[in-house]
Structure formats: C-alpha cells, structure tokens
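S.K.: Residues per chain, in single letters:
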Amino acid sequence: MLNPQLNDDGELKHLLSIEGLPKRILNQILDTAESFAGVAEREVKKVPLLRGKTVCNLFFENSTRTRTTFEIAAKRLSADVITLNVSTSSQSKGETILDTIDNLTAMHADMFVVRHAQSGAAHMIAKHVAPHISVINAGDGSHAHPTQGLLDVFTIRKYKPEMHNLRVAIVGDVLHSRVARSEIHALTTLGVPEVRVIAPKTLLPQDVEKLGVHVYHDMNEGLKDVDVVMMLRLQNERMAGAMLPSAQEYFKIYGLTSEKLALAKPDAIVMHPGPMNRGVEIDSAVADGTQSVILPQVTYGIAVRMAVMSILAGN
Amino acid sequence: MLNPQLNDDGELKHLLSIEGLPKRILNQILDTAESFAGVAEREVKKVPLLRGKTVCNLFFENSTRTRTTFEIAAKRLSADVITLNVSTSSQSKGETILDTIDNLTAMHADMFVVRHAQSGAAHMIAKHVAPHISVINAGDGSHAHPTQGLLDVFTIRKYKPEMHNLRVAIVGDVLHSRVARSEIHALTTLGVPEVRVIAPKTLLPQDVEKLGVHVYHDMNEGLKDVDVVMMLRLQNERMAGAMLPSAQEYFKIYGLTSEKLALAKPDAIVMHPGPMNRGVEIDSAVADGTQSVILPQVTYGIAVRMAVMSILAGN
Amino acid sequence: MLNPQLNDDGELKHLLSIEGLPKRILNQILDTAESFAGVAEREVKKVPLLRGKTVCNLFFENSTRTRTTFEIAAKRLSADVITLNVSTSSQSKGETILDTIDNLTAMHADMFVVRHAQSGAAHMIAKHVAPHISVINAGDGSHAHPTQGLLDVFTIRKYKPEMHNLRVAIVGDVLHSRVARSEIHALTTLGVPEVRVIAPKTLLPQDVEKLGVHVYHDMNEGLKDVDVVMMLRLQNERMAGAMLPSAQEYFKIYGLTSEKLALAKPDAIVMHPGPMNRGVEIDSAVADGTQSVILPQVTYGIAVRMAVMSILAGN
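Residue numbers (our numbering), protein chains in the order written: chain A, 1 to 315; chain B, 1 to 315; chain C, 1 to 315.
Where hints are given, some of them may not hold.
Each pair may be met inside one copy or between any two copies, as identical chains are not told apart.
[Claimed, not checked] Mimicking DMTMM-like on lysine to aspartate or glutamate, the simulated pairs with C-alpha atoms at most 20 Å apart in a straight line are: (1) Lys160 x Asp225; (2) Lys45 x Asp110; (3) Lys260 x Asp110; (4) Lys252 x Glu162; (5) Lys45 x Glu61; (6) Lys210 x Asp8.
I should point out that these hints are in silico values taken from the structure, not numbers from a laboratory.
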C-alpha cells in the first residue's frame with residue numbers, strides 16, 4: 001500500500017497521477033490553487049515562494065503548450081527555470097535517462113517537470129531521485145497528465161461548487177486520452193454522483209464501465225440534462241485506427257454543436273483541454289459561446305501548477 | 001479615423017507601424033529612449049518597471065537577432081520573458097493563431113512581441129486581444145518593423161539633433177525593405193526637409209515619389225552633400241528578381257565605399273540595420289570606419305525597445 | 001610573454017585555457033569555488049553578485065549539458081542569461097562571428113560563454129572584444145575546456161587535499177580529449193608529483209611524455225597504487241580511427257572494473273567527465289560504487305563556474 005506520491009507523513013512528495021491521491025490531498029491542491037488564482041490578477045504577478053529554487057523542465061517529447069504553462073507557473077513563483085528538450089533518439093536506454101537525472105540532481109535541481117512519450121517515465125524518475133527532490137508528471141504516453149486533470153476538476157468546482165449534485169459527460173476519444181481516466185477518478189473521489197462517457201466503441205477502453213461510468217454511444221441521449229460537457233481532443237492520427245470514416249463524419253455524430261448542447265442543462269458548462277480542432281470535436285459557435293469555460297481552464301491551469309509546485313516545495 | 005495603435009486617450013496602446021504615429025508619440029518614444037540609453041551604462045543594468053509582467057516573444061518566423069534584442073530589453077525591465085517559436089507550418093489558418101493568442105492571454109500574458117512572415121499579422125492580433133494587452137510588431141512580411149525604424153530615427157537625432165536641417169539618403173533595396181517606408185515617414189514627420197532614395201529602378205516601389213522623396217539611380221549624384229547615409233540590406237534571394245547581374249556588380253554601382261562616401265558631407269554618418277553583407281552593400285573600411293554609427297544603432301535599439309515596452313505597460 | 005587571459009594587473013580577464021594560468025590564479029579560482037560550494041546547500045541558492053549583468057551563452061556547437069551548467073551557474077549569480085544557438089552553417093567566415101560579437105557587445109553583454117567546434121575560437125573572440133568584456137571558453141575543438149579541467153582539479157583537492165603526495169592516473173582517449181592535457185598541466189602546476197596516462201598508443205599524442213607524465217599501455221601496471229583514477233570518455237566515432245576492434249574489446253582492456261580498481265589504493269577515488277558510456281569505459285558497479293566521485297564532480301562544476309564568472313565580473 002506504499003503510495004509513491006506521498007511521503008512518510010502522508011504529504012504530497014511527487015505528482016505522478018491523480019489515481020492514488022487521497023481526497024484530502026486533492027482538496028489541498030484545489031484550495032491552494034484558489035489562492036493563486038488571485039495572484040494573476042495583481043499588478044505584480046509574482047510571489048517569492050520558490051525563490052532560489054531550480055525547476056528543471058525535462059521534455060523528452062516536445063510540447064510547447066505544456067512547457068509554457070509550467071515555465072510561467074515556475075517564474076511567477078520566482079524559481080529559476082532550466083528547460084531541457086531531450087530528444088529520445090539520443091537516449092537509447094532508460095539507464096541513460098537516470099544518468100541525466102543524477103547529473104541535474106548533482107547540479108542541485110529541486111524539482112523535475114517531466115514529459116515523456118512512454119507511460120511510467122515520471123514514476124521511474126520519482127522512484128530514483130533523492131528524497132529532497134520532487135517530480136511532476138507533465139504527461140506520459142496515454143497514461144497520465146495529472147495537472148490537466150486537476151485544472152479540469154478545479155474549473156468544475158469553480159463553476160459548479162455543488163459537486164455532490166452534478167452530472168458530467170466526457171465526450172470523445174477516452175481510449176487515447178491522457179486525462180479522461182484521471183478525471184473520472186478525481187470526479188468520483190470528490191463525490192460527483194454521475195459521470196458519463198460518450199464515444200464510439202472504437203474510442204473506449206474495453207473495461208470502461210468498471211471505472212463507475214455510464215456509457216453512451218449517442219450524443220442525444222448522453223448529453224441529456226448534464227451540468228458539464230467535457231470534450232476530448234481527437235488526434236488526427238487516431239482517426240484511421242478508430243475506423244472513423246472522416247473528420248466530417250465524426251463531427252456530425254460526436255461534434256458539439258449548439259443544437260446538441262441544448263440537450264444539456266441550460267446552465268451547463270463546456271470544457272476542452274485544447275488545442276481545439278474546431279469543426280471536428282467542437283463547433284466554433286460553442287467553443288466561443290457563453291457556456292464555454294475553455295479559456296478559464298487555461299487560466300486555472302497556471303494557478304493549479306503554481307499550487308502543486310508550492311506544495312511540493314513546502315513538503 | 002480610428003487609430004488601432006492608440007487608446008481612447010490618444011496614448012500608445014500597440015506599436016504596429018510608424019505610419020499613423022502622431023509626432024507627439026514619436027517624440028515621447030524617442031525622449032523615453034533617451035533616459036534608457038543611460039541604464040545600459042550603469043553597473044546594474046536593470047530597472048523594475050515591468051516586474052511581475054509576462055512578455056511573450058511570439059516568433060512565427062525565426063530571427064535570433066530580433067528575438068535577442070527584445071529578450072534583453074524585457075529582462076532589463078525585469079519582466080518575465082516567455083519565448084515561443086511557432087512554426088507557421090503547424091499553423092494552418094489565421095484562426096489558430098488567435099487560439100494561441102487567446103490561450104497565452106488566459107495565462108495572463110501582458111504583452112506580445114510578434115514576428116510573422118505575413119504582412120498584417122500583428123495588426124490582426126492587436127485587433128483581437130483584450131483591452132489590457134499590448135502588441136509590438138517585431139517585423140511582418142515586407143510591411144513594417146517599427147522598432148527598427150525608431151532606432152534609426154533615434155540614432156539620427158542623437159548624432160544630428162538639428163533635424164530641420166538634414167539631408168538623408170536611403171540606399172538600396174527600398175522595395176523589399178521592412179523599414180525604408182516607415183523611416184521616410186518618420187523623418188518627414190519629424191521635420192527632415194530632404195529625404196533621398198538611391199537604388200536601381202527594379203528595387204524601388206512604383207509610386208516612391210509620392211512618399212515625398214527625391215529619387216536617384218546614381219550614387220555619385222545621390223550622396224552629394226548628405227548628412228546621413230542609410231544603407232539597406234540586400235537579401236541574396238532578391239538578387240535574381242531584381243535583375244541584378246551579381247553581388248559584385250551591385251557592390252560596384254551601389255556599394256558604399258570610402259570614395260563614394262567622400263561625396264557626402266565630411267561629418268556625414270553611415271548607418272546599416274544589420275546583418276551586413278560586407279563587400280555587397282558596404283565596404284568593410286566604411287562599416288568599421290570613423291563615420292559608421294552601425295554599432296551605436298544596435299545599442300540604441302535596446303533603449304528604444306525598453307522605451308516602447310515601458311510606455312505600453314504604463315498606458 | 002603577454003598572457004591573453006590576464007589584465008595589466010595580472011588578474012584573470014578571460015578564461016581560455018588552463019595552460020598559461022599562474023598557480024596564484026588557479027588557487028584563487030579553487031578557493032573562490034570553495035565558498036560557492038556552500039551556496040548550493042542553502043535554502044535560497046542565489047547570490048546577487050552578477051545582478052544586472054548580461055551573460056551571453058554563445059553556442060556554435062550544441063551541448064545541452066555544458067550549456068545547462070553555465071546557465072545554472074549564471075542564474076545562481078542573479079545574472080540575466082541570453083542563450084544563442086548559432087549554427088556554424090550560417091556562419092561562413094570568422095569575420096561574421098566577430099560581427100555577431102560586436103552586435104551583442106553593442107547590446108551591453110558583459111560576458112560571453114563560447115562553445116565552438118574549432119580550436120582557438122574563444123581566443124579569437126577574446127582578442128577582439130572591448131576591454132570591459134570577459135570571455136569563457138566552454139570547449140573549442142579538441143583544444144581546451146578549462147572549466148572541466150578546473151572542476152576535476154577542485155574535486156581532487158576536495159578529496160585528496162595533500163596534492164604533493166598524489167599519484168594520478170588518466171585513462172583512455174588522451175589524444176582527442178578536450179581536457180586531458182589541461183588536467184596534466186594543472187596537476188603539475190599544483191604540485192602533484194606523479195601523473196600517469198594509460199591508453200593504447202593510438203589514443204595518445206605522439207609527444208605525450210614531454211608533458212611530464214608516465215606512459216602505460218596496461219591497466220594492471222598503470223593503476224597500481226594510484227590515489228586518483230580519472231577515466232576519459234571514448235567517443236564512438238573515434239573507435240574506428242583508433243583501430244579499436246570494438247567497444248567490448250576496449251572495455252575488456254581499458255574499461256574500469258572493480259577488479260582493476262582493486263589495484264589502486266584502497267581509498268582511491270574514481271572520476272569521469274560524463275556523459276558515461278557504461279560498459280565501455282567504465283563498469284556500472286564502479287560508476288555507482290563507493291569510490292566514485294562522478295556526481296560530486298558535477299556539483300563542484302557549478303561552484304567552479306560560479307567562481308570563474310564572479311572573478312571575471314569583479315576584475
């Protein structure tokens with residue numbers, strides 16, 4: 001029952017995946033993020049919590065977007081940020097990754113933000129590092145991307161604080177999503193009574209019902225009376241494998257339009273992790289519409305990352 | 001008569017092009033730059049004017065040189081600088097650029113420095129952003145590159161403060177120059193009575209006389225008694241289109257040598273926006289000679305960029 | 001007898017190579033590094049010695065590892081760091097490098113950290129820059145990489161302070177090593193009485209004995225009773241040229257294993273400049289063993305670079 005994310009006092013030591021985070025820790029992150037959401041509104045958007053600390057952005061897979069969010073979060077906390085784009089091609093074996101980690105540790109790095117194409121890379125690194133170092137998983141394979149999951153939950157809590165009363169629909173490529181499973185877990189942990197997934201069979205994991213969700217293949221049924229519509233990104237390269245005839249076809253059946261959204265509750269919010277494929281998963285009228293909280297998600301993403309970094313640095 | 005660069009109080013809101021800047025604003029920028037020119041001489045070359053602000057260097061086109069000048073200017077103002085090199089290949093439509101802008105805005109970016117191969121990109125972004133955000137055009141297509149134009153004017157004013165008495169010659173590829181037209185506009189606005197362009201017909205815009213300049217095709221005539229010789233860069237890829245036989249041929253006719261410079265006033269200054277093609281537009285003896293102010297231009301470029309950023313942040 | 005690394009008062013002006021550094025300066029760097037070794041242990045790992053200074057990391061050759069160490073060192077000294085990756089392909093002639101340098105100087109850069117594939121590049125730049133600017137050689141061709149040499153000497157002094165009593169063995173590709181010759185020079189200058197090199201003839205410079213070292217081709221003889229085993233990295237591309245049958249073969253003869261290390265003194269330390277080729281130059285059991293000081297070398301590397309930068313900034 002050893003949890004690799006917690007230290008002996010049960011405090012957050014690494015952020016590797018939402019699975020395994022006790023409700024207490026989830027709430028600590030969300031509450032801390034609440035206080036940072038205000039920092040961005042201030043004239044001087046900086047707090048000195050990580051002054052003199054060195055945060056290493058270790059990107060074995062390119063992701064300008066994710067890299068930027070962590071860089072901004074770390075700089076607002078006054079940390080020194082070192083970004084390393086390490087092509088996996090120059091990294092023949094796992095052992096070499098650990099040599100890289102050992103070297104950066106010897107340079108007194110305090111925190112690693114790790115992005116890697118392979119599932120489990122951040123776990124492996126967390127297992128390896130010295131006790132005073134923290135690791136944040138910034139996305140590994142299709143496994144986990146916990147800060148994305150947390151910012152989604154934060155956004156839901158912000159707009160729909162009565163979580164015990166919510167109906168949430170997750171729409172699209174659950175199978176390959178880095179976050180969908182984490183999301184389901186977090187929502188359930190925080191007391192959301194009904195989580196639905198809406199997707200073609202080819203984009204759902206085989207045992208998806210075991211996660212405690214209701215499965216729908218039809219948007220008209222699945223969206224009915226929900227409070228939250230969480231769209232997932234459809235990566236073009238998945239289209240073929242999923243036996244989807246075309247993006248147009250997908251949009252027709254699973255794309256979120258104003259008409260389909262009208263089936264949800266009138267005050268339902270619409271979410272998307274970005275970057276959006278407008279006209280594939282979502283219509284521009286909805287993406288830019290009054291029910292969309294897609295840009296607030298981005299804003300809260302900085303607050304959540306600042307919260308995670310400051311909690312890890314404090315423990 | 002709505003000027004997209006000014007706010008309702010007539011203050012600078014964005015810097016998109018020199019055209020449309022009232023004389024009052026031009027002088028404000030030049031006077032502010034004057035005060036920053038001193039900062040670089042100090043022991044601690046930093047002022048806290050942009051502390052806690054996030055400046056996004058958004059480069060859709062690579063330009064290490066320009067990126068570096070803005071990065072240095074922003075850091076000397078104590079801003080946090082985030083650099084994004086966004087290849088236009090991954091950006092299929094204009095709409096996606098605006099999604100990128102919206103996302104960075106949601107992360108509470110305060111200022112965008114935009115470089116794009118297409119004319120009008122910075123204007124489009126300025127039109128789109130929220131009211132508290134400022135946009136600086138760091139070069140778009142062959143349209144505008146206002147900070148380069150401003151630093152040139154600043155340099156002229158520094159060395160030849162009696163602008164009402166000046167004769168300025170701009171030499172070379174006016175047709176494709178990002179700055180030549182802005183320059184002409186700024187010099188005229190600030191009261192320079194005589195601006196000449198010297199170039200082969202193939203490197204001049206058709207209606208160049210309408211800008212109020214005197215046109216010369218012969219260096220010996222055009223350089224006669226001028227106070228300022230402003231050389232333009234000749235891009236190799238333009239050579240063919242301009243029906244220029246060769247770089248050697250160009251240098252023979254339009255390259256600035258000590259002999260040709262002797263036709264100008266004895267205290268004339270020589271300028272070049274860099275990077276220089278030594279032996280094509282300009283002889284090394286002139287580039288490195290006593291009349292050259294090419295390196296001071298670079299120095300003043302930092303002061304001018306600091307001035308623009310601090311004015312925008314204040315308005 | 002003019003030393004390009006010292007100013008008129010005999011103080012360090014540039015760090016280009018260990019050769020030519022008087023014993024006095026070597027000791028000044030090592031003693032200053034001693035004081036910085038403590039900074040990294042502090043809660044806030046930052047000192048304001050280079051606040052407001054601009055350090056330009058000018059990398060004409062890619063080296064993430066070296067770039068990172070200088071970036072961390074400069075940021076811990078509170079400098080503004082500008083990194084320029086300049087591909088040598090876009091740099092046709094030496095003159096253009098100097099134009100780049102002149103431009104960055106005009107932007108009031110205070111220090112250049114230069115990495116270049118050609119021997120002598122940093123020297124050329126140091127010769128060219130204005131008097132108030134300092135240049136640090138971060139590796140040029142197979143010529144010199146002085147901070148690596150200094151951190152090795154610092155590590156030896158830390159673990160074996162009685163340098164007048166030491167026997168040091170340098171093992172491997174001395175011929176192509178950027179550091180081996182500097183090391184030999186520094187150790188001799190600091191009074192180490194016996195330096196050995198152990199390598200196949202094909203990986204030794206022709207006149208290696210003239211450096212005052214003892215030459216061995218057999219590990220069993222060469223490692224006998226040494227206090228320090230300094231392994232060099234074997235670059236794969238050297239294998240063919242050195243007429244080495246294979247990496248396996250090399251490991252068998254010159255790779256450091258626990259058995260071979262047992263021939264050295266029981267308290268001998270093992271060093272490697274990294275990145276290691278485990279199973280080629282060194283067995284993992286030794287690299288990660290109790291006698292290894294390979295990671296402390298990395299730690300001291302930051303302290304040594306901070307020391308060099310702060311000494312240069314002070315002179």
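S.K.: Work down the list of hints and note, for each, if the structure agrees.
M.R.: Hints, one by one, checked against the model:
1. Lys160 x Asp225: within (14 Å within a copy, 73 Å between copies)
2. Lys45 x Asp110: between (22 Å within a copy, 10 Å between copies)
3. Lys260 x Asp110: The answer is neither: 47 Å in one copy and 36 Å across copies each exceed 20 Å.
4. Lys252 x Glu162: neither (33 Å within a copy, 68 Å between copies)
5. Lys45 x Glu61: Cα proximity of Lys45 and Glu61: none, with 29 Å in one copy and 29 Å across.
6. Lys210 x Asp8: neither (31 Å within a copy, 59 Å between copies)
Figure legend: structure checked against the earlier numbered hints; hints not met, in rising order: 3, 4, 5, 6.
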